[in-house]
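Engineer: The primary structure of each chain is shown beneath.
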Amino acid sequence: MSVIEAERLRKVYGDATAVDEVSFTVAEGESLAIVGESGSGKTTVARMLLGLETPTAGTISVCGRPRPPGRVSAGERRRRAREIQIVFQDPYSSLDRLQRAGDVIETSLALHFPLTPAERRKKALDLFESVGLAERHAAMLPRQLSGGQRQRVAIARALAVEPRVLVLDEAVAALDVSIQAQILNLLADIREQRSISYVFISHDLAVVNQISDTAIVMRHGRVVERGNTRDLLREPQEDYTRALLAAVPRPGWKPTRRNAQ
Amino acid sequence: MSLLTLEGFGLAVPYGRGRRTLVEQVDLTIGRGEAVGLVGESGSGKSMTARAVIGLTPPGARVTGRIVFDGAEVPSGRALRRLRAERIAMIFQDPRAHINPVRSVGDFLTEAMIHNLGTPVRQASARAVRLLKEVGIGDGERRLRQYPHELSGGLLQRVMIASVLAVEPDLVLADEPTTALDVTSQSEVMAILDELRRERGMAMLLITHDLELAAATCDRLAVMYAGRIVEDIDGEPRHPYTRGLMRSRPSLEEAVHRLPVIPGRPVAAFEAGEGCAFGPRCDLAEPRCRETRPPFVRGVACLRAEETA
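Residue numbers (UniProt numbering), protein chains in the order written: chain A, 1 to 261; chain B, 1 to 309.
Looking at chain A on its own, in the form it has when it is part of the complex (with noise of 0.2 Å):
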C-alpha cells in the first residue's frame, strides 16, 4: 500500500514554475530519495506533502487521505501532522530558542495524546534514548546542544506523533562528516524498529545511496529519471543524472569546467 501518492504536482510563483508534472509514490516502509541541485523544486515538493505549500495544481494523498487544498479544522490538522512529520536542514533555526529539548517534545505528546505529566516525561525520555540523547539533555536549550544532538531533538520532535511517513529535507547536510554517519545510522535503526517510510531530499549522492530504495532526479521543477537508487547510480539513464554523479568527488576525480554561460 502506498502512504504517499502524488500526482501531477505542480507550484507556480508569479510567472516561475517551481515544480511543474511531478509524481510519484511512497510504499510503506519505503525510503524515497529526491535528488536535486539548489532551484530543482525539490524542498518546494517537500513543503507541499506537508502542508506548507498549496499545489497550484495536482493532488496530494497521505496514508489513502486526499489532502485537497482549503482551510481544515483543528483536529483534522492534528491527525494530518500523525500521517506526516518534517526534519529541517538547520535544527537551530526550526527549534525554539528559548525552550528545552525535552520541553520540545513534550509538547508535541501533550498536543497528540491524553497522557498524565507524569506519563509524558517517561515517553519524552524514552524518545530521547531512541535518538541516542541522555536525560540531561532534557534540560539544555538548543544553543546548549551540539549540531549533531539538535538534529538528534528534531528526529525526536518527529517521532513524538508517531507519523507513518518521516520527510527529511537536507537533515544530514549541515552536520561534520563523524556526526553525519551517526545519523544516518540513527535513521536505518528507526526504519528498521518502527513501520515507517522516509521521503528523504538531499543533494549527495553518496549519502542518498546509503539511506534510500528508490530515488528521483529533479531539474528545473521536473523528473528527469527515477527508480530503484542502486540501478540510478550505477546506471544512469540521463545525461543530467551523469553529469551529478561525475561532479562527486572521489579518488581519482579531477574538477572539470562546463561551457562559459
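Just so you know, the hints here were simulated from the structure itself, not pulled from any lab data. Treat the hints with caution; some may be incorrect.
What the hints assert, rightly or not - For lysine to aspartate or glutamate, the following EDC-like pairs were computed, each having C-alpha atoms within a straight-line distance of at most 20 Å:
id, chain 1, residue 1, chain 2, residue 2
1, A, 254, B, 199
2, A, 254, B, 34
3, A, 254, B, 210
4, A, 254, B, 182
5, B, 133, B, 107
6, A, 254, B, 212
7, A, 122, A, 103
8, A, 254, B, 194
9, A, 254, B, 107
10, A, 254, B, 176
Fit chain B to the given chain A structure using the hints.
Structural biologist: What follows is chain B alone, placed relative to chain A:
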C-alpha cells in the same frame, strides 16, 4: 624557499576571566604555486588558522608562534592592509555574506583597481569583464550592472574569484569555497581555481571538511583535530581519526547495512584533556594515549601509527 610558514602557531580567545585555546602548535608550510589542503571538522581550528594569516583574529585573541610570509613576519596596520590588497586574497564560504548587497557587481570588482591601482574607470570595467570571462561568466557587461541578489550562489562565488584574480595574489586562502554550492558548481569552481593556480603560479590554502575534495585538488593535505595538526597525509592515511573519517563517509559504489562510525563528537582544543585529544573517540586508544599529547613524528601525531600502517 616556502611562501608561507606557520611555526608553532597557536591562538587563544578570552573567555570569562581566562582564555580558551582554539589552535595550538600548528606547523605548516606552503611553497610557491603549491596547493595545500587543511581538512577538519567544526571546532578543529582550520578556519581560525587560515584567517590568522591575514590578521583576521577574533577580538582580544592571543596569538603565539610565528607566521612568516615570503621571508617576513606578517605585519599589522598599514602594511597588513597592503598585504591583503596585493598579495594574499581570501575566498569565503558564503559569498553573499562577504559582498555589499547594495553595490553592483561592477562596483565590487572595480573598486580595488580604481582606488588601489589608480586605474581609470573605463579600463577597470573592461578588465572586470575580462576577469569574469576567465571564471566562465560570458555576458560580463550585463553582470557588472547587476546586484548580488540577482546572482545565484555559484555565479556569485565566481565573481568572488574574479575579484581575487584582479589582485593577482601570490596566495589564496580559500575557506570552504564550495560548501554552499551545488556539486556541479563545486566542480566548476574548483576547476577554475585549479586552472588559475597553474597558469599564474598562485599558491592556495584550501580549508575544507571534505577529504575527497581536498585529496583531488591539492598537492598535500594536513588534517586538523582539536586545534592541532594530527597528520600530514602522504599516501595512505595513518592517523585513526583520518582513517575513521574516510570509512564513515557513505560511498557511491555500495550501500552498507550500517556505516562504521567514530563515536562521540569532535571537540575543540580547550575541551581536550591531557592526552591525545582524539583518544576518547579512538578504538585503538591505550592507557599511554591518555597521559601526554602524542608528538608529531614522521607526519603523524599518534603513538600507534607505526603499528596500524
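Engineer: Sort out whether residue 34 (chain B) lies within 20 Å of residue 254 (chain A), counting only the CA atoms.
Structural biologist: 17 Å, holds
Engineer: Given the proposed pairing of residue 254 (chain A) with residue 194 (chain B), does the C-alpha separation stay at or below 20 Å?
Structural biologist: 10 Å, holds
Engineer: Straight-line Cα separation of residue 254 (chain A) and residue 199 (chain B) no greater than 20 Å?
Structural biologist: 17 Å, holds
Engineer: Hint check: residue 254 (chain A) vs residue 210 (chain B), CA-CA at most 20 Å. Holds or violated?
Structural biologist: 14 Å, holds
Engineer: Could you grab the alpha-carbon distance between residue 122 (chain A) and residue 103 (chain A) and see if it respects the 20 Å cut-off?
Structural biologist: 12 Å, holds
Engineer: Do the alpha carbons of residue 254 (chain A) and residue 176 (chain B) lie within 20 Å of each other, as the hint requires?
Structural biologist: Measuring from Cα to Cα gives roughly 18 Å; hence the hint holds.
Engineer: Checking one constraint from the list: CA of residue 133 (chain B) to CA of residue 107 (chain B), max 20 Å. Satisfied?
Structural biologist: At roughly 17 Å apart (the allowed maximum being 20 Å), residue 107 (chain B) and residue 133 (chain B) satisfy the hint.
Engineer: Checking one constraint from the list: CA of residue 254 (chain A) to CA of residue 107 (chain B), max 20 Å. Satisfied?
Structural biologist: It is violated: about 34 Å lies between the C-alpha atoms, which goes past 20 Å.
Engineer: When you check the alpha-carbon spacing of residue 254 (chain A) and residue 182 (chain B), does it fall within 20 Å?
Structural biologist: 16 Å, holds
Engineer: Between residue 254 (chain A) and residue 212 (chain B), does the CA-CA distance stay at or below 20 Å?
Structural biologist: 11 Å, holds
Figure legend: structure checked against the earlier numbered hints; the only hint not met is number 9.
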